[in-house]
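Residue numbers (the numbering used here), protein chains in the order written: chain A, 1 to 218; chain B, 1 to 183.
Note that these hints are calculated values from the structure, not bench results.
Treat the hints with care, as some may be off.
Said to hold, decoys possible - Non-contacting residues of chain A with respect to chain B, defined by C-beta distances greater than 12 Å in every case (computed): (1) Y61; (2) V180; (3) V200.
Unchecked claim - If you want the footprint, here are the derived chain B segments under chain A, 3+ residues with CB under 8 Å: (4) 137-149; (5) 168-178.
Claimed, not checked - Residues on chain B that point at chain A, a partial pick, calculated with CB under 8 Å: (6) E10; (7) A93; (8) R109; (9) V112.
Quick reminder that beta carbons are idealized off the backbone N, C-alpha and C, glycines included.
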Amino acid sequence: MTANNAEAAGGAAERRTLRIDGRRLRSERTKQLIIEAYLALAEENSPHVPTAAEIAQRAGYSVRSIFERFVDIRALQVAATDYALVQAAALAPLRDGDGDRRTRIRSQVEVRARTCERWLPLWRSLVVNQHESEELKRRVTISRERTVARLEQMYAPELSTLSDLERRQTLIVLEALTDVDSWERMRKHFDLSFDEASAVWRQAIDRLLPPTPPPNPA
Amino acid sequence: MEAYLALLRECQDIPTAAQIAARAGISTRLIFERFVDLQSLSLATADYAFAMAKSQAIVHDAEGERPARIRSHVETRAETCEGWLPLWRVLVANQARLPQLRTRLGIFRQAVMQRIELMYAPELGTLPALDRRDLLIALEALIDFESWARMREGHGLSREDACQVWIRMIDRLLPPTPQEARP
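Between the sequences and the hints, there should be enough to build the whole structure, so can you do that?
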């Protein structure tokens, strides 16, 4: 092969790669739009799972293009849940982890309340439909484990004063208390404002936590 | 209605008229002679289940000392959660489909709140109105069906261990018992 031929072959390969990359990019973009359409519909019609036809119409694609990218609606539901979990984590940064007790409670409640407020309809849909899929059930567990991990971080000083059993019991209850269901009840059933509902959580957490130990001398 | 309830427990979804008829050993026509439609059967069943749950949840030790009241309340509530969790889940899942169910769920929750108020009257009586309301809401969330389900299904706690969690945490949430309420 001459130098010119080799150069031409290299150029063609590069163009092919670019074409493939472009196709892959477009396909990924379509996949993303389908997920977003699913999430929008699931949120609007929670806990009803949208049909393929509804998702296709909302995304502006054919039903076929959905099933070219997802084996079935359940697979789309799992992918959308993963996407939502990533988003929820990104929107709930850890803040004031080193603050005093009051600051940590306020900060944790505020972040958790915003997460619940934002993701309530989707969470309702996920919880209601989890019994139909082990994968969805696993996502519910992951989400709850993340909440527990955050509680452990935020209330480390107080939790460190408890025995293993008491610590476990306290975490179980703190997680249940600050669950999306609990938030939904306060907002929809008891008709509390965002601030009033946050105050309920703050007061309850403060009562449930043991006294804060004095800081270790440096 | 009993056939309907049995199917709800098994399938965790609203059964069809044909399924109910088959389970009850009657014709579908007979169902619709007694209920206008499946929706009214669903609502009648929810009311029937609520009446049953209420009759099983007898008040004990409401005049007792604090530990006795907490234990009694928790054991009764645990019994209700254990027995009625599948039905509760179906009702919650279908409240958007049957708006009247939402009203029923509200009534159920109100009954839970009233029981909390009755059992912890001495302690709640020491709080200002707003703190009292907030504490009632927190206690109701603590002893919710899904809170029970989490302990039993998610954390694999035995019934007694799960009761212990609630007992300990209710005790932490409640303010001190006033002197005059102590027997």
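A quick look at each hint next to the structure:
{"no.": "1", "hint": "Y61", "in the structure": "holds (27 Å)"}
{"no.": "2", "hint": "V180", "in the structure": "violated (10 Å)"}
{"no.": "3", "hint": "V200", "in the structure": "violated (4 Å)"}
{"no.": "4", "hint": "137-149", "in the structure": "holds (count 8)"}
{"no.": "5", "hint": "168-178", "in the structure": "holds (count 4)"}
{"no.": "6", "hint": "E10", "in the structure": "violated (12 Å)"}
{"no.": "7", "hint": "A93", "in the structure": "holds (4 Å)"}
{"no.": "8", "hint": "R109", "in the structure": "holds (6 Å)"}
{"no.": "9", "hint": "V112", "in the structure": "violated (11 Å)"}
In the structure shown, a violation is registered for the earlier hints numbered 2, 3, 6, 9, in ascending order.
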